[in-house]
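Participant: Chain by chain, the residues run as shown.
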Amino acid sequence: MDLKLKALLYISRIMSARRQSSASSYESLLRPDITKSLQTMLATTPIAEDFYLCDTTVSQKETEEEIKEIYLSILNSSEESIVETKSKTSKLLDAIANEPITENGEPSSDELSHFDQTLHVDLHLRYIEHFLNNPLPEGFFSLDCNHGWMIYWLLNAYSVLLDGEVPEHLKKPISAKIMLLVIDEGRGGIAGGPQGQIGHAASTYASVLALVLIGDFDSLALIKKGLHQWFLSLKAPNGSFVMHKGGESDARSTYCVLSVAALLNILTNELLEGASGFLLSCQSYEGGFAGVPNTEAHGGYTFCALAALYLTPDGFRDINMESLLRWLSARQLSLEGGFSGRTNKLVDSCYSFWVGGSFALLEAYLDQATLFNRPALTSYILNCCQDDKRGGLRDKPSTRADFYHTNYALCGLSIAEHQFVRDGLYNFVTKDCLEGSVLTIGVNPIFGIPTMLVSHCLAYFNATAN
Amino acid sequence: MSEPCQIMYSEEYLSTMSSLKQYLETKTYTEEALQVTEEALSLLASHYTAWCFRLDIIKHLGKDLFEELNWCEEVAIANEKNYQIWNYRQRVIELILEDPALAAQFQVRRELPIFQMMISMDEKNHHVWLYRNWFVKRFELYDDAGELEFVNKLIDKDARNNSAWTHKFFLLFSRNDAAENIVAQELDFCREKIALCPQNPSLWNYLLGIYASQERLLVELKDFCGQYANINDEEIKSSFALETLAKIAVEQNDVLLACRYYDLLLQKYDPIRASYWNYLSKKILLNT
Chain L
1 MDLKLKALLY
11 ISRIMSARRQ
21 SSASSYESLL
31 RPDITKSLQT
41 MLATTPIAED
51 FYLCDTTVSQ
61 KETEEEIKEI
71 YLSILNSSEE
81 SIVETKSKTS
91 KLLDAIANEP
101 ITENGEPSSD
111 ELSHFDQTLH
121 VDLHLRYIEH
131 FLNNPLPEGF
141 FSLDCNHGWM
151 IYWLLNAYSV
161 LLDGEVPEHL
171 KKPISAKIML
181 LVIDEGRGGI
191 AGGPQGQIGH
201 AASTYASVLA
211 LVLIGDFDSL
221 ALIKKGLHQW
231 FLSLKAPNGS
241 FVMHKGGESD
251 ARSTYCVLSV
261 AALLNILTNE
271 LLEGASGFLL
281 SCQSYEGGFA
291 GVPNTEAHGG
301 YTFCALAALY
311 LTPDGFRDIN
321 MESLLRWLSA
331 RQLSLEGGFS
341 GRTNKLVDSC
351 YSFWVGGSFA
361 LLEAYLDQAT
371 LFNRPALTSY
381 ILNCCQDDKR
391 GGLRDKPSTR
401 ADFYHTNYAL
411 CGLSIAEHQF
421 VRDGLYNFVT
431 KDCLEGSVLT
441 IGVNPIFGIP
451 TMLVSHCLAY
461 FNATAN
Chain V
1 MSEPCQIMYS
11 EEYLSTMSSL
21 KQYLETKTYT
31 EEALQVTEEA
41 LSLLASHYTA
51 WCFRLDIIKH
61 LGKDLFEELN
71 WCEEVAIANE
81 KNYQIWNYRQ
91 RVIELILEDP
101 ALAAQFQVRR
111 ELPIFQMMIS
121 MDEKNHHVWL
131 YRNWFVKRFE
141 LYDDAGELEF
151 VNKLIDKDAR
161 NNSAWTHKFF
171 LLFSRNDAAE
181 NIVAQELDFC
191 REKIALCPQN
201 PSLWNYLLGI
211 YASQERLLVE
221 LKDFCGQYAN
231 INDEEIKSSF
241 ALETLAKIAV
251 EQNDVLLACR
261 YYDLLLQKYD
271 PIRASYWNYL
281 SKKILLNT
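Line by line, the protein sequences are chains L and V.
Under full-length UniProt numbering, the first residue of the first sequence carries the number 1, and numbering increases by one thereafter.
Under full-length UniProt numbering, the first residue of the second sequence carries the number 1, and numbering increases by one thereafter.
Only chain L is shown next, with the shape it has when bound in the complex:
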């Protein structure tokens, strides 16, 4: 799809949002005023500072300083930023509709309004397309065991930005590529890459999601029986699954197996046996979950454990909910607004989804509208994590954009922009948190792909069951 058409889609979304909204300010319709939120984040709370110095404090302070500067520059440049974003939007509209948008009816801008940096949708789409359409440079050999993952990260990020769409011309080549990684019709899983690699549960997860993203359910139907057989061969005595023959077993591998099985409607009792018990045993004294019992609570494993538990018959019933919520809440950093993955570790945008998704699951379960600070997370992603020159999103300002963070930062943004209400066993109805202003579509917090695609997949495999 060419850029112009995409821009048109983007604009039409904004325009339709505009029609729905009763807000009169054009700016406030696109993005909310974050002045108060930023002021809260930047304010020094009346808690005495101790003078205990250690490595952790030093790196934390460095990160805070860097981010503080970014937020202060937003607060200090009110007028400018309004003018700049207006002209940007107008230019886009000009290019498409060939008629300048009039500013009639717009109230005079409040000088004290401040906005998050706009999401550079086109730039990120271009970044993604570039890597999907061109061979990857030699240095990418470090991802040679993650081919399914690369495809998933890029395609999913693309679809989250573009209403669940993926580039039409890539559908066949992607399907062909993944089917080449399938071993023995699924009976050996899906490999992480070429040249004789063996099946890997995490690569299987990523590859299956990629096939769902391109809507290739027929290919999935061909391998689902084989995959079920393979999953059974990975089952460990403690109820978890090994990642591959001879590999490690933990909350992550267990999530990968159970989530694929749920999508393909092969989540049998044999697969579920003992899984819930194992996952529950990973909840640490801190409240979060670890990969294996008695190790450190971690955002990634917490997501895996929760999403996997969500798929088991007893769900969240036996979780220590009080300590879990306490730990999850502590992941949001006061100044940064983003999440850290572990106690006393630095902010990282990938946890926007791992921790954000965990929150979304809990909000759905507890029937709560919001349990964390959505505007603060949004501010972190939009202002600190976008590469506004080359596109893509990054871990934190001091790092470079990559596929992994591009996907999970955008999935996190989706979580921040939506509320998730249970809809059937594994799906959710989403509500926009800020009417008319959302830039992403709702990502299903169990599977990490757009909710509508999960619906398509579940419908296909329910209809074709046996």
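In short, the hints are calculated from the structure, not lab data.
Just so you know, not all the hints are guaranteed correct.
To give an idea of the chain V side of the interface with chain L (calculated C-beta under 8 Å), a few residues [stated by the list, open to error]:
hint, residue
1, Met17
2, Lys21
3, Tyr48
4, Trp71
5, Asn230
6, Asn232
7, Glu234
Keeping only pairs whose Cα atoms sit at most 35 Å apart, straight-line, the calculated DSBU-like set for lysine-lysine is [claimed, not checked]:
hint, chain 1, residue 1, chain 2, residue 2
8, L, Lys61, V, Lys27
9, L, Lys245, V, Lys59
10, L, Lys235, L, Lys225
11, V, Lys168, V, Lys153
12, L, Lys245, L, Lys36
13, L, Lys68, L, Lys431
14, L, Lys235, L, Lys245
15, L, Lys245, V, Lys137
16, L, Lys36, L, Lys396
17, L, Lys68, V, Lys153
18, V, Lys268, L, Lys68
19, V, Lys27, L, Lys235
20, V, Lys268, L, Lys431
21, L, Lys245, V, Lys81
22, L, Lys61, V, Lys222
23, L, Lys396, V, Lys168
24, L, Lys225, L, Lys171
25, V, Lys282, L, Lys235
26, L, Lys396, V, Lys268
27, L, Lys245, L, Lys171
28, L, Lys61, V, Lys157
29, L, Lys396, V, Lys153
30, V, Lys59, L, Lys235
31, L, Lys245, V, Lys268
32, V, Lys222, V, Lys282
33, L, Lys36, L, Lys68
34, V, Lys81, V, Lys27
35, L, Lys235, V, Lys168
36, V, Lys137, L, Lys235
37, V, Lys21, L, Lys235
38, V, Lys168, V, Lys157
39, L, Lys36, V, Lys21
40, V, Lys282, V, Lys268
Glycine included, C-beta positions come from ideal geometry on N, C-alpha and C.
Based on these hints, arrange chain V on the given structure of chain L.
Facilitator: Here is chain V on its own, set in the frame of chain L:
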């Protein structure tokens, strides 16, 4: 359209991986094949298939497993963030332990220098800590004095090293029989550290973790928390102390006091978590 995400491999990489593939496909367990796994892993330590294949070759050729552990160490040091290697090392050690003659030669202490080395490179390396956790379980080192000394040293160096605190909790409280003197000693240790850096979440998590695991009443901590959260002062010393006071109020069914503390956290001391404090207030109000 060419293959999406196709990598432009270097000649060296491509030729190593294609010979690896040949050996894999023909299940050739020879010295040459072993050499190729070494080359492949030195190029890409996350190549899980090469690790699996290497273990098969080692078994078939009856290689010296202690030599293999030495080799592993070199690879580990060169690949800090790799985790396949720790799973591999576990499996080699399991092979050693399966053979009584070899098991007799295996010294638990031989694992310590590599830990020391890896932890000094990154004190929060998740995979190294996972391995240490396995190691303690496997050899039942919970009560080993050296083990506790190791974590205490790390905590003394950086009281915010949560990985070290987690390991300490695992050593002392993951089994149900923590002796009363250990509990008392740890509570003292924790209180001492809190005096140094009251706004350090690792310490409060550890403290609250002990209380929960020992099913002790938090009200014991009331005076202690009061020192760090005197809300009449211009500044408090720790939001975690205030949070704990709220928990104590809940424990004592003093709903109004708990809500007051939650409201202070929400408004003044920890506003980023406003939704959370609000949720807790609502929850206790609904329960009364």
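Participant: Need the status of pair Lys61 of chain L, Lys222 of chain V: alpha-carbon distance at most 35 Å?
Facilitator: 31 Å, holds
Participant: Hint Asn232 of chain V vs chain L: min CB-CB distance below 8 Å?
Facilitator: 12 Å, violated
Participant: Do the alpha carbons of Lys245 of chain L and Lys137 of chain V lie within 35 Å of each other, as the hint requires?
Facilitator: 23 Å, holds
Participant: Check the hint pairing Lys168 of chain V with Lys157 of chain V against an upper bound of 35 Å on the C-alpha distance.
Facilitator: Holds. Lys168 of chain V to Lys157 of chain V sits at ~15 Å (cutoff 35 Å).
Participant: For the pair supplied as a hint, Lys396 of chain L and Lys153 of chain V, confirm whether the alpha-carbon distance does not exceed 35 Å.
Facilitator: 31 Å, holds
Participant: So if I understand the rule, the pair passes when the alpha-carbon distance is 35 Å or less; does Lys268 of chain V with Lys431 of chain L pass?
Facilitator: At roughly 30 Å apart (the allowed maximum being 35 Å), Lys431 of chain L and Lys268 of chain V satisfy the hint.
Participant: Is the Cα-Cα distance between Lys245 of chain L and Lys171 of chain L 35 Å or less?
Facilitator: 30 Å, holds
Participant: Hold the hint about Tyr48 of chain V up to the distance rule: shortest CB distance to chain L must be less than 8 Å.
Facilitator: For Tyr48 of chain V, the interface hint holds, since the closest Cβ of chain L sits about 6 Å away, which is under 8 Å.
Participant: Answer holds if the nearest beta-carbon of chain L is closer than 8 Å to that of Glu234 of chain V; otherwise answer violated.
Facilitator: 7 Å, holds
Participant: Can you confirm whether the C-alpha distance between Lys225 of chain L and Lys171 of chain L stays at or below 35 Å?
Facilitator: 23 Å, holds
Participant: Just to be careful, I want the Cα atoms of Lys21 of chain V and Lys235 of chain L compared with a cutoff of 35 Å; is the pair within it?
Facilitator: 27 Å, holds
Participant: Under the criterion that the straight-line Cα-Cα distance not exceed 35 Å, is the pair Lys68 of chain L, Lys153 of chain V satisfied?
Facilitator: The hint holds at about 33 Å.
Hint violations for this structure: numbers 4, 5, 6, 8, 12, 25, 31, 39, all remaining hints satisfied.
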